[in-house]
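> So you can see what is in the structure, the chains are spelled out below.
2 protein chains.
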Amino acid sequence: MDEHHLLAPGPTPVPENARLAMAKRLIHHRSDEFREVFRRVRSGLQWIFQTDEDVITLTSSGTGAFEAAMTNFLSPGSTVVVVGGGKFGERWADVARRYDLDVVEMDVEWGEAADPAQLADILADREDVSMVTVTHSETSTGVLHPLEDLADVVQRESSALLAVDGITSVGVHDVPMDELGVDVLVGGSQKAFGAPPGLGFVAVSARAWRRQPDDHLGGYYFDLSRERRRQSQDQTAFTPGISQVLALDVTLDMMRDEGRRSVFERHRLNAEATRTAVDAVGLELFGARPSNAVTAVLAPDGIPAPQIVDRMNDTYGAVIAGGQKHMSSELLRLGHIGFFRRTDILTMVSSLELCLRDLGHSADAGTATAAAQRVYTNASHQDVPSEP
Amino acid sequence: MDEHHLLAPGPTPVPENARLAMAKRLIHHRSDEFREVFRRVRSGLQWIFQTDEDVITLTSSGTGAFEAAMTNFLSPGSTVVVVGGGKFGERWADVARRYDLDVVEMDVEWGEAADPAQLADILADREDVSMVTVTHSETSTGVLHPLEDLADVVQRESSALLAVDGITSVGVHDVPMDELGVDVLVGGSQKAFGAPPGLGFVAVSARAWRRQPDDHLGGYYFDLSRERRRQSQDQTAFTPGISQVLALDVTLDMMRDEGRRSVFERHRLNAEATRTAVDAVGLELFGARPSNAVTAVLAPDGIPAPQIVDRMNDTYGAVIAGGQKHMSSELLRLGHIGFFRRTDILTMVSSLELCLRDLGHSADAGTATAAAQRVYTNASHQDVPSEP
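Line by line, the protein sequences give chains A and B. Taking this note's numbering, the leading residue of the first sequence gets 1, the next gets one more, and so forth. Taking this note's numbering, the leading residue of the second sequence gets 389, the next gets one more, and so forth.
Some hints could be false.
To be verified - For lysine to aspartate or glutamate, the following EDC-like pairs were computed, each having C-alpha atoms within a straight-line distance of at most 16 Å:
(1) A/Lys-24 with A/Asp-301
(2) B/Lys-412 with A/Glu-16
(3) A/Lys-24 with B/Glu-404
These aren't lab readings, by the way, just hints derived from the structure by calculation.
Chain A extracted, bound-state conformation (with noise of 0.2 Å):
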């Protein structure tokens, strides 16, 4: 197992400290121990999501978040446009449907960047619409989706809620949640956070909260106004993932003495190394608008995808990620969300060039690392964190 380098768009490697906080004695969630883990926690959270409302910690993955997002602020009948465009951003369409809510695809090729104007049109015809959804980092095209001009649109053309999914864009990009007025963000623990899986993040603007509606479709366990009063009180309602924010607690740590616009900017340039690695070693980029948490690429023509991703990692112990749906035999996606230091990357370019050359793709040994290297020379000092 220690021969494996997790180089996916999350679960992302957890640093050592945190999994070694996981491996000391349990903590009892009604302690004040945990009261003063979880009070760092929630102010490491709205740090990060850069907002004064409470930012929600929920023991889901991030689709269970994203739900409970949808859900508290929706009643039934509610239309919702969403905002597609691959894998993720259409989840939220099927789960607007399982509540027979009045569903609005904007359709968005894969790969493509969502088209302000596009949503515009979409809003200008409807006066009813409760809710947009907004998927900001694709991570099955690998394409950043414009939040800044999608959340003008959306609150020139009409007075829905905006509701962001921010799995792999929160602690990536810079996402000024109360700046830009975005009313719900989510987030999940195995993404930037370089926490193991299991917590999913949702904060709520105050212009959300208010416009809650009393028949909205939150169940029970995701029941948002709940956990809301009681993680004030730095509680969770019901017993939640203890180690991970244990985990969390350590890795927001480091984030905070990195700094936020450090964190930032690492993503930026392991993103813009791996994109730079994959063009010199002749594969092609796929998406517009690259998001700095994953590379999406196209597989070398004659060379299946799959057939990639299995030798990385059977012959490298690199374990990279595949298409999905269906762009399942095409696509390649590299990650590089979460605490990857640059010899992570090395590492992850270097493998994939020796792994095609393997297949039989032509490229001179060392040209992807190289490539790869040059970016990190060129970057300035001082732009430049200390490495985690």
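Model the placement of chain B on the given structure of chain A, informed by the hints.
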């Protein structure tokens, strides 16, 4: 932190090897390595749930899992009979009300065991009951409700599904799910399983699957059919709490090594030692039909329970639980669910007697400890499992 002993009815101490499994590098949930682990976990869960059906693992607390257990098998307006008698039993009525179901609460005084004849009367009056919920071991009162008799009544008097909260009974008491005709049985990772909190388990009978209504109330994240499909392939539908699954793999293996009968016997003996000790020191046991997961005991006259809980924690590093809801000033709850060794129980009862004396309760030094020791000494050696 290392000086604290978790002696509450869950979360319960996590064995070192399980904690060390979480300290290893994280693995990806879409990897062969995870599939292997999850296959073992699924099989171990079937073994301890005593069922041939799939036991579905959800990343949530036990409450989330029980909500899933109810909503996936009920339609809008369904009638649910909820057997009360404590905080958890009554919680399932709150869940049902959240979904506007027709809720019939069978009132049971806290501390009493549910009377099967009372349930028979309720069911005899109604044709239309879709589900009966029973909390087998009621953690708030320490009562073990008579599941066998209640199951008989449900099967004789109705065609309702029987959903059982086994969160603090599975792995403690013998709950042969298939044999008893339980339709849905729910457990939680932080209880007898000795893993950290964050996973809930739902075992579902073939009968319940056959009768699952098309318009059931299960949400998206808690869609048990999707999970069942994915988990039959040793995968989860959404990113699971990987760390807890790794820990659970270790503790299920420990349970298998120990043997199911021995696990139950260890719990029985630790419970008997605890009950005998608190009785010896002059405290009154609370509740009929005590559960082997938790001993509920009334605080002595003049000493409020929270004072004892706080002093146990602050002075002796022993984390026991107080009462819940209206019992909060009266009740102490001593946990012995999970991988408790005899030394843990002796630590608990000896610090309790010391603490009680500190607070003015008269008892000869060593009384409780001696009583617990006698229970262990008298236990036939062949019945006693080796310490885990």
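> Taking the hints in turn, state whether each one holds.
Structure-based check of each hint:
1. A/Lys-24 with A/Asp-301: violated (49 Å)
2. B/Lys-412 with A/Glu-16: holds (8 Å)
3. A/Lys-24 with B/Glu-404: It holds: about 8 Å lies between the C-alpha atoms, which stays within 16 Å.
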